[in-house]
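J.: Each chain is listed here by its residues.
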Amino acid sequence: MPRGLAFLFLFLAAVSHSFDTEDHLRVLASSRWKAHRAKTALVLSGGAARGLAHVGVMRAWQENKLPLDLIVGTSVGAIVGALYASGLDGAEIDKIITGLNWNEFIEFRVTPARILNLNSIISSEKMGEWMFSHMGNKKFSDLDIPFVCVATDIRTGEKIVFRDGDLIPAVRASSCIPGIFEPVEYRRRILVDGGVVDNAPTDLAAAEGADMIVASWTGGSRMLEDSRSIIAVLTQVIAISGTVLSRRQLEKADVVIEPDLRDVSPLDLDKFAYSFEAGYDATVRKAAEIEKMFLLKTLGKMKAAQ
Amino acid sequence: MRAFLILAALPATMFLSSCAGGRIFRPSPLKIASSFESAGNPDEAIRVLKNASVEAGIKPADKREILMALAELYAGQKDNLSAIQTLREAAQLGAGDPFIGLRLGELLLQEGLTGDALAEFVALEAMGVRTPSLFFGMGQVYHRTGRFLKASSYLGQYLKIYPDDKKALMMLYESYEALGKYPEARNALSGCAALMTKEDFAVKMAMNWMRDGNPDEAVEELEKIRGEYPGADFYLGLAYYQKGRLDDALKIFSRSASSPEDEASFFSALVLFELGRKDDARTIFRKLSAKGKYARYCDIFLQ
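Going down the list, the protein sequences come from chains E and Z. Taken in order, the first sequence gives residues 19 to 324; the numbers are from our numbering. Taken in order, the second sequence gives residues 16 to 318; the numbers are from our numbering.
Be aware that one or more of the hints could be misleading.
Stated by the list, open to error - Okay, the calculated bits of chain E under chain Z, using three or more residues with CB under 8 Å as the criterion:
id : segment
1  : 41-50
2  : 307-316
What the hints assert, rightly or not - Calculated from the model, a selection of chain Z residues having no Cβ within reach of chain E, i.e. all distances over 10 Å:
id : residue
3  : Ser43
4  : Glu52
5  : Glu59
6  : Arg162
7  : Phe216
Note that these hints are calculated values from the structure, not bench results. Every value quoted in this text rests on a predicted model; they were computed, and no experiment measured them. We treat Cβ as the ideally placed atom computed from N, Cα and C, and that holds for glycine.
The following block holds chain E by itself, in its conformation from the complex (with noise of 0.2 Å):
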């Protein structure tokens, strides 16, 4: 053959092939840089209704095999990081999720006594017994993925972080909506929803020694339609409280994942099929520079210990 042809041929072997070089890292990472791969921590807020997106969002987490070693949740978000954690996948929590009654789940008991003393207007009783159901009596180290979830002390004002024992009691404690779900007596504290002190709790991801971080934020406000509801306005003040506390939060956070939940309200329970679409479509979007950016630290951790 003619040296010029030959050129050609190889020339032209080389040009028809496109090099995906993340992809080779990737396989890189997963194998001969194991023990240097960026430790990703995935924080979930919270958002009452609206944090449902966080199923969508793990959904997408799982169909784009993105990295994943620490979930850290608080409210809404320690509901799906649990579930996701305790080895359900994205598929099963969105099927749980879409076959909940929530008029069974929450059982209104506005009884006198219950007004009077001012302890909540909904009954969280029943929450337990369907995280029970899913999750059986799981303890933090039963987990497949490290998980820590956020709640407050509301006597003190503290914000106390769950690592280790019984699962349930923290995450329910976690989810805890203070005024609407009756507080959660747990380890000698009464304690509500985490995202009254910490609604992003990304500061927790970078003290369990994450790499990287990344928060799905379903927290925000949206315009209060509606301002004669008591459980309305409630949600609101947590939620307008929640978005100031957490803008710093944010900030340290590599990556945030952000669903379009303008039109959702933290109480449109029943749009979860929208929020699911909503977490799904930003996670994808999201995905490639989730990708870059573990692979970028996962090199400097090898380049670091050579």
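Chain Z: place on chain E using the hints.
T.: Structure of chain Z alone, referenced to chain E:
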């Protein structure tokens, strides 16, 4: 006698014909269009069907049939948008025709309108349609939009009926690969090997083995085609790198037919760095850093 009968029949036929709006003994527009199409004149066929579709007094069922044929003519001329519009018009004339919905979904997909295509397919599924075309259409939409779990489920159902469809197998392979279901991906890839060159197949299979954490199998796969396709050398180097045979990897990277993006140079710099030859590595990183694609990664080693 025969002449009398013909003479008597003629006015009767004319009378009946006028009562029936002039249809009797007139060939159907579908037949006329078909003959124009067969004669290589689709424009005339389109004109005939378009006129027929707006004829006064046309029955909805006939109009729907004409519009469906017209849509196919548009599609044959690669005018999918007109075909879609025509099918939508046809769909309004009789709800629940799964053929129209399936064809609409197919054309919408061809035009890249995945959201609209999905809406058509989902509506058909809700109506209880369970045909292979629907499974394939759903699989295609979900594959294209990166929803690989759903894609693999629908494509799997389709392939139970048509196990040899190589296009579907290729999409199933890509879906499984994206989901990290590597053994399943290998099976699907083997089924559609005929769609690709020997080199492409070997590289895809080797990358699958590497992603699955088995560089030995990758090396075996690539060694088979090594002499024939020097372009695959880069992947052999990558497999050796994954195995931890750094010197072999370096040797292969340095002689591999380097891509225009300098992929082999970048990975040889990584190997050099791991071998402790940091200055040599930095020289390469510095050169590559000037090129956009690698800059972020190279800069880590230059800091």
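J.: Kindly indicate which numbered hints from before are broken by the structure, ordering the numbers from low to high.
T.: 6
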